[in-house]
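Visitor: Each chain, letter by letter, is given below.
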Amino acid sequence: MSLLAFYARNAQEVLGLVAQHLYLVAVSTLLAFALGIPLGIVLTRRPAWQRPVLGLANVFQTVPSLALFGFLIPLPFIGGIGASTAIVALVLYALLPIVRNTYTGIAGVDPAVREAGRGMGMTDWQLLTQVELPLGFGVILAGVRVATVVSVGTATIAAAIGAGGLGVYIFRGVAVVDDTLILAGALPAALMALAADGLLGLAERRLAWRGK
Amino acid sequence: MAGKMTVGQSIVFVATLLAGCGRADRIVVGSKNFSESDLLGEIVAQQIERRTGLPVERRFHLGGTFVCHHAITSGQIDLYVEYTGTAYTAVLKFPPAHDADSVRRAVTAEYARRFGLTWGKPFGFNNTFAITVRRRDATRYGLTRIADLARVASRWKAGFGYEFLERADGFRGLADAYGLRFSAPPTAMDLGLTYRALAEGKVDVIAGNSTDGQIEALDLVVLEDDRHYFPPYEAAPVIRQAVLDAHPEVGTALALLAGRITDAEMRRLNALADVEHKDIAGIARDWLQAPRP
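Read top to bottom, the protein sequences are chains A and B. According to numbering that gives the first Met the number 0, the first sequence is numbered sequentially starting from 0. According to numbering that gives the first Met the number 0, the second sequence is numbered sequentially starting from 0.
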């Protein structure tokens with residue numbers, strides 16, 4: 000059966016899975032931003048935390064998703080089976096690029112500029128919001144972009160823990176050796192990743208242009 | 000032109016020599032890419048080494064049924080362990096059947112006719128789907144057969160792997176055959192994770208494989224398929240007839256393994272590999288050396 004015929008026959012289901020996929024990616028990346036950006040800022044204020052926090056974020060990257068799910072199933076509230084467990088895993092996977100780029104973006108601000116701000120009598124909050132964040136914005140957004148694109152791809156593993164999404168077609172296809180099914184899941188996921196990358200790239204260029 | 004011919008001829012000559020050396024008196028054993036297949040491949044390999052003294056080459060962990068089938072029909076490997084139900088539906092493309100004897104007869108006849116391959120006698124266990132529950136629940140509700148499940152299903156949650164949900168001989172047919180109605184549609188998830196979810200109480204019933212090591216390790220119980228819904232998946236060595244003709248002693252060595260591994264024994268061996276992470280060759284050696292009643 001061709002891919003188009005498959006989509007025509009299962010339009011309702013495809014749209015449902017796409018919506019589930021978008022939901023998983025949106026919730027997990029927003030949570031990862033909400034956690035990761037403040038964490039990255041804290042690291043620039045507390046250099047001693049840098050090694051353990053980035054080390055931990057690195058470790059999360061290396062844990063295979065099925066192993067991570069295995070650890071999460073017994074946990075109350077955040078664990079079990081379903082969307083919540085998948086979202087926890089996706090947040091953990093998205094943290095590294097966000098935290099690291101936030102830290103790098105701010106740490107990369109020219110010390111002379113920072114000194115000038117201090118000399119003008121800026122508080123630490125003013126320095127952060129008016130000097131460091133605007134200047135480091137490009138690097139931070141690059142991290143956000145990487146995290147979002149990677150999340151669209153990794154969200155396919157949500158299907159392993161009963162959370163749905165486009166991974167359902169991929170897992171089904173692998174189980175019954177059906178290339179059409181695998182493509183039915185992989186192709187929209189790839190298009191979604193390209194679209195997310197394109198949109199964030201556009202935002203990046205817009206903001207960089209305005210910055211000039 | 001004459002020179003080229005000579006080069007071509009010598010290549011053919013050397014290739015024939017090499018092929019001759021490689022294939023003459025060495026048995027190449029293959030296996031599929033999971034522990035049970037590796038274990039059975041290793042047991043078969045060691046049995047041939049011990050009983051016949053022929054050198055054995057191992058080509059283990061090949062990518063699944065299709066790779067093994069192509070490897071053996073093209074002569075890259077001489078034997079591997081296959082399951083009757085898999086050969087019947089996946090290789091020969093017959094619709095799922097439920098009677099072990101007729102499936103075994105059909106694959107034996109068709110493999111000999113179409114591929115020149117011989118099925119040895121089965122090892123004795125049947126690695127079919129296994130409807131599995133926690134021992135605690137089985138005791139409390141008196142569950143021993145899948146038919147008993149119908150009484151509690153309306154209050155229970157099921158979690159199944161994708162293969163079981165998709166296959167013609169999987170969940171849909173099972174639900175009809177036994178009249179099972181669960182409280183919600185079964186959760187689709189990774190097969191390995193269903194064991195974890197069952198042990199942790201996140202779901203109440205799963206469909207594992209009857210020889211999985213986790214069944215004993217996690218204190219689970221397999222319910223009896225009393226209506227014989229699931230197709231038989233008896234494991235047996237499949238070997239090239241040409242090899243048996245050249246080395247009949249290999250057939251004799253394999254015949255000694257017939258009927259020697261029960262479901263429980265296979266579960267124990269799989270647990271040694273998958274749960275305790277013991278070395279496959281060591282498990283096979285210990286099993287072959289263990290005294291038999």
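Don't take each hint at face value.
As the list claims (entries may be wrong) - Per the computed footprint, the stretches of chain A lying under chain B, defined by three or more beta-carbons under 8 Å from a beta-carbon of chain B, are:
| hint | segment |
| --- | --- |
| 1 | 35 to 43 |
| 2 | 79 to 85 |
| 3 | 118 to 124 |
| 4 | 152 to 161 |
To be verified - Calculated Cβ distances over 12 Å to all of chain B for the following chain A residues:
| hint | residue |
| --- | --- |
| 5 | Leu65 |
| 6 | Ala66 |
| 7 | Gly166 |
| 8 | Ile169 |
| 9 | Leu180 |
No lab work stands behind these hints, which were simulated from the structure alone. Note that the coordinates shown come from a computational prediction; the quantities given were computed from them, not determined experimentally. Beta carbons are placed, not taken as given, at the ideal position from N, Cα and C, and that holds for glycine.
Visitor: Determine for every hint whether it applies to the structure shown.
Guide: Each hint tested on the structure:
1. Three residues within the 8 Å Cβ limit are the bar, and the segment 35 to 43 of chain A against chain B gives 0, so the coverage statement is violated.
2. Counting residues of the segment 79 to 85 of chain A whose beta carbon lies closer than 8 Å to any beta carbon of chain B gives 3, which meets the minimum of three for the stated coverage.
3. With 0 residues having a beta carbon nearer than 8 Å to a beta carbon of chain B, the segment 118 to 124 of chain A misses the requirement of three or more and the stated coverage is violated.
4. Counting residues of the segment 152 to 161 of chain A whose C-beta lies closer than 8 Å to any C-beta of chain B gives 4; at least three are required, and the coverage claim holds.
5. With a minimum CB-CB distance of about 6 Å to chain B, Leu65(A) fails to clear the 12 Å threshold, and the non-interface call is violated.
6. Once the 12 Å rule is applied to beta carbons, Ala66(A) is inconsistent with being away from chain B; the minimum gap is 10 Å.
7. Its closest Cβ contact with chain B, about 10 Å, brings Gly166(A) to no more than 12 Å, contrary to its assignment away from the interface.
8. Look at Ile169(A): its CB is around 9 Å from the nearest CB on chain B, not clear of 12 Å, so calling it non-interface is violated.
9. Not every CB of chain B is more than 12 Å from the CB of Leu180(A) (nearest about 9 Å), against its label as outside the interface.
Consistency note: the structure conflicts with the earlier hints numbered 1, 3, 5, 6, 7, 8, 9.
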